[in-house]
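Build out the structure end to end from the sequences listed, making use of the hints.
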Amino acid sequence: MKLYHGTNADIKTIDLSKGLAHKDFGKGFYLTPDRATAVRMAEKKARLFGGKATVITYEFEEAAMNSDLNVKVFSEKACVEWFLFIDANRDKENEKPIHNYDIVKGPIADDGVVVQLTNFRERIYDAEEAARRLQDRYIDQQYCFGTQRSLRYLIKVHVETL
Numbered sequence: 006m007k008l009y010h011g012t013n014a015d016i017k018t019i020d021l022s023k024g025l026a027h028k029d030f031g032k033g034f035y036l037t038p039d040r041a042t043a044v045r046m047a048e049k050k051a052r053l054f055g056g057k058a059t060v061i062t063y064e065f066e067e068a069a070m071n072s073d074l075n076v077k078v079f080s081e082k083a084c085v086e087w088f089l090f091i092d093a094n095r096d097k098e099n100e101k102p103i104h105n106y107d108i109v110k111g112p113i114a115d116d117g118v119v120v121q122l123t124n125f126r127e128r129i130y131d132a133e134e135a136a137r138r139l140q141d142r143y144i145d146q147q148y149c150f151g152t153q154r155s156l157r158y159l160i161k162v163h164v165e166t167l
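If you want my numbering, it's the 1-based position in the sequence shown plus 5.
Calculated from the structure, these hints are not laboratory results.
Each residue gets a CB set at the ideal place from its N, CA and C atoms; glycine is no exception.
Any given hint could turn out to be false.
Said to hold, decoys possible - Derived CB-CB ranges, DEER-like:
| id | residue 1 | residue 2 | range |
| --- | --- | --- | --- |
| 1 | LEU167 | ILE103 | 18 to 28 Å |
| 2 | GLN140 | ILE103 | 22 to 32 Å |
| 3 | THR18 | TYR130 | 37 to 47 Å |
| 4 | GLU134 | LYS57 | 41 to 51 Å |
| 5 | ASP131 | VAL164 | 39 to 49 Å |
Structure below.
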């Protein structure tokens, strides 16, 4: 399976220490099976940080999902468990990682999700209502590779500067 990483420069070697801690699924290397999503991310990173919009294509051995790795797969639609997982990962008061998964797969928390996270944190909605309000939206999918062990299943196959 092909996975794409949108960025602002080629990445010679994946360095997990450069990942940000308070992302959807925690610190890690994020990819998507949707090239258009990777293109949007690359353009955004280049706009914000300079460099050139770059999409890196990796081949992912799907057998890894059923290997010795610790993997968490969320449904493709928003659900309460996914919503609370993202909320906990994005909570800057959590100084330590909230999980020990090698790979996490699930929906990307886009702007609509951020609105619902704010509503949840401000107690406008409970988690069930916030997740329900996201049910009818298509949310792009993402994979977070959070450990060196998981990276051995990724093979870089192409770099494209947009």
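Outcome of the hint check:
1. At roughly 34 Å, the beta-carbon separation of LEU167 and ILE103 lies outside the given 18 to 28 Å, and the hint is violated.
2. At about 24 Å, the beta-carbon gap between GLN140 and ILE103 stays in the expected band of 22 to 32 Å.
3. Remark: the range hint 37 to 47 Å for THR18 to TYR130 is upheld by a beta-carbon distance near 42 Å.
4. Look at GLU134 against LYS57: about 42 Å separates their beta carbons, and that is inside 41 to 51 Å.
5. The supplied range of 39 to 49 Å is met by ASP131 and VAL164, whose beta-carbon atoms lie about 44 Å from each other.
Hint check: a violation occurs at hint 1 only; the rest are consistent with the structure.
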